[in-house]
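Trainee: What follows is each chain in one-letter form.
There are 2 protein chains.
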Amino acid sequence: MPLVTVIGDGQLARMMQQAGIELGLTVRLLAGSTGASAAQATADVWLGAYTDEGVVRGVAAGADAVTFDHEHVPNDYLEALIAEGVYVQPQPSALINAQDKLVMRRRMREIGAPVPPFLAVESVEDAAGFWDATDGAVCLKARRGGYDGKGVWFPATRDDLCALVADLLAEGVPLMAEKKVRLVRELSAMVARTPSGEVASWPVVESVQADGICYLAVAPAPAETEGRRRVVDQAYSLARQVADELGVTGVLAVELFETVDEAGQPEIIVNELAMRPHNTGHWTQDGCVTSQFEQHLRAVLDRPLGSTAPVSATTVMANVLGDDTADPEMPMPRRMDEVWRRFPTAKIHLYGKDWRPRRKIGHVNMSLPLGVEATAENVDALRRDARLASDFLVTARWTDA
Amino acid sequence: MPLVTVIGDGQLARMMQQAGIELGLTVRLLAGSTGASAAQATADVWLGAYTDEGVVRGVAAGADAVTFDHEHVPNDYLEALIAEGVYVQPQPSALINAQDKLVMRRRMREIGAPVPPFLAVESVEDAAGFWDATDGAVCLKARRGGYDGKGVWFPATRDDLCALVADLLAEGVPLMAEKKVRLVRELSAMVARTPSGEVASWPVVESVQADGICYLAVAPAPAETEGRRRVVDQAYSLARQVADELGVTGVLAVELFETVDEAGQPEIIVNELAMRPHNTGHWTQDGCVTSQFEQHLRAVLDRPLGSTAPVSATTVMANVLGDDTADPEMPMPRRMDEVWRRFPTAKIHLYGKDWRPRRKIGHVNMSLPLGVEATAENVDALRRDARLASDFLVTARWTDA
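Top to bottom, those sequences are chains A and B.
Start counting the first sequence at 1; every next residue gets the next number (the UniProt record's numbering).
Start counting the second sequence at 1; every next residue gets the next number (the UniProt record's numbering).
A couple of the hints might just be wrong.
[What the hints assert, rightly or not] Far from chain B, by Cβ distances over 12 Å, these chain A residues were calculated:
1. I21
2. G227
3. E272
4. E373
[As the list claims (entries may be wrong)] Heads up, incomplete: computed chain B residues facing chain A, CB under 10 Å, no partners named:
5. M15
6. I21
7. L23
8. T42
9. W46
10. G48
11. G197
12. V199
13. S201
14. Q285
15. P304
16. G306
17. P310
18. P333
19. L350
20. G352
[Claimed, not checked] Partial chain B-side listing against chain A, Cβ under 10 Å, derived:
21. A120
22. E122
23. V260
24. A263
25. L301
26. A309
27. W340
28. F343
29. T345
30. K347
31. H349
32. P357
33. I361
I should point out that these hints are in silico values taken from the structure, not numbers from a laboratory.
In this text, a Cβ means the ideal position worked out from N, Cα and C, and glycines have one as well.
Next up, chain A with everything else stripped away, as it sits in the complex (with noise of 0.2 Å):
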């Protein structure tokens, strides 16, 4: 049976490793710590850094195919691998585009995607045209490494945006700046493709975030207008056209603002790209014949695609994301147990990782039961439900009381 090294030891990974055991499949894990997330479910754990290359090639070693739980291993040791004939996916040549913002976005103005304007930042002076040019409406970005809000800026003056650049800039961050949008809602396209070129397109799915971190997803995207089903159908369109042109193999996310254009009408523009199982493909676990996470092992192990059809009308998914308070001195299980007394059909998944101000410690999924339509009332009232229980096992409340 297949052996699927993954390089990584958060939730991601240790979802794999949850999907792998159904297929019968191995998945080793190489781990920062016996105690990390994926490490604790997890038979077949090696230990050390993703960023030590004899680390990286002896986890490799055997292995049917090589993936990840994050985009942060360096390439060359990926170029590495794969000249020496290991089943590498992704491969670097689409990673680079999850990986730098520029290089993403470069691409996919080449490929005729919707981006916003935007420009290298190589100095201040870059920075300064880029303010006047766009009448101040920047948003200022680290090319790589940021995620859940970070690595992001907004500032509110001219000046401040030249003061920042200058900073970053001899801190060594590369930079490239965008235009702001007049953001209507996040949107959320997934496919997974294989080596061979199959794709599966997953619902698009509206994604809410607040302070740069997504807190709720529901598949499908409400679509009540024209122009919505219209932006959405560009958007499922979209990912695939991706997946295709920049080569990615295994799971994708196009996360995508929705704005409007200047005749009021939806438009959408891509925001990121991530070649890896998402968050905003949590609810598939619950919602869908397959899942994000055994669709991902499917796919770098180039094997037939799986049925994305959903099975329930909507389901929405929301984090378990630390507060700013302390943790609540009633105890996890007990939260877990008050959640399942109000609502018997969430479904609590936790990465066992501890409490900390805004990290994502697990996710609820609730679908609208057999034989219900989508109607915006009870599609809010999802909403409001996965909320309250993903909010009562942070803060041990019902905020609705």
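Assemble the complex: chain A is given as a structure, and chain B must be docked to it using the hints.
Mentor: Here is chain B on its own, set in the frame of chain A:
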């Protein structure tokens, strides 16, 4: 977070481990070998024999609950653990009814559950008398240890019965006899019950057997006539009654025979009890909000139970059963690929077990799609497709080609 010790290393323990991951539980395993089905997929594995009291005590120490994937741990070990304050679920007082068919039959009769005429067989004379009383409609059973058709005999003549009984009693096998029934089909009614007395019931399932081994389960059991609806309702209520009266904790499967009475009306009788996740409940992994494996873990920890609502109008489970011909040359992953190509909705679950005749090495779940109601035709097609898929995984041939 809670620690659950599971004694046993087969596929049921493997699937409990899988379910435990998302609940944030640690599932600790007592396994016979590192290559055992569940041990392959578990981080916290203790090696040893469940027949060694010291080993059982060691692996139970510190657990929030101790449970099982089989019924073979000596009850006196369990009684000793309970006396020491260990939370063993289910308890021996309930378990005895899943271990000893004669004890179970007597208890069923006591609580008014339908059972066939039966007799303890302690001598050849007992057996001969029962033959005469039933006009030769005798099923002889070992009181303990039988499964998948083992430990059950249907002697053709009175002399065969007497010879068989003489041999078995000489070997020290405790026996009982019961009247053979006119089997129409088999049903399975499953519930979970917590030590606090909360009970949650899944829909009753039709279970299809060959040579004493289940190969198909259809959920819910088709009930196309008034009489069948009546017996399905009766089975549903009976499982709850059995769980309550016997004080079962965790998952209980009540295996039932559907027969016809003298007026030609369907009726049911109890065949066997199992007090753990059960083959006829594997469909819940893909067909229900809460799988039997998650529910068992929640139940033995005395935590609130999850919704048992189906997510599809019908789900069919087909076992992947080693047949009598050789393991085909095509490797299992290629067989899976062929099945996925033909049936993208097929959910394949493998146990990490080598092929052996009549051995259960996996199962396939297939469900009706969202929005499709069950009809005689589409349920038949689903049965056929699930069977084709599971047969292909065994033989590498399409049995309809």
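Trainee: With reference to the structure, classify each hint as holding or not holding.
Mentor: Results of checking the hints against the structure:
no., hint, result
1, I21, "violated (5 Å)"
2, G227, "holds (26 Å)"
3, E272, "holds (26 Å)"
4, E373, "violated (8 Å)"
5, M15, "holds (8 Å)"
6, I21, "holds (5 Å)"
7, L23, "holds (7 Å)"
8, T42, "holds (6 Å)"
9, W46, "violated (13 Å)"
10, G48, "violated (17 Å)"
11, G197, "violated (15 Å)"
12, V199, "violated (13 Å)"
13, S201, "violated (13 Å)"
14, Q285, "holds (8 Å)"
15, P304, "holds (4 Å)"
16, G306, "holds (6 Å)"
17, P310, "holds (6 Å)"
18, P333, "holds (6 Å)"
19, L350, "holds (3 Å)"
20, G352, "holds (6 Å)"
21, A120, "violated (42 Å)"
22, E122, "violated (46 Å)"
23, V260, "violated (32 Å)"
24, A263, "violated (36 Å)"
25, L301, "holds (8 Å)"
26, A309, "holds (6 Å)"
27, W340, "holds (4 Å)"
28, F343, "holds (9 Å)"
29, T345, "holds (4 Å)"
30, K347, "holds (7 Å)"
31, H349, "holds (4 Å)"
32, P357, "violated (19 Å)"
33, I361, "holds (9 Å)"
Checked against the numbered hints above, the structure breaks hints 1, 4, 9, 10, 11, 12, 13, 21, 22, 23, 24, 32 and satisfies the rest.
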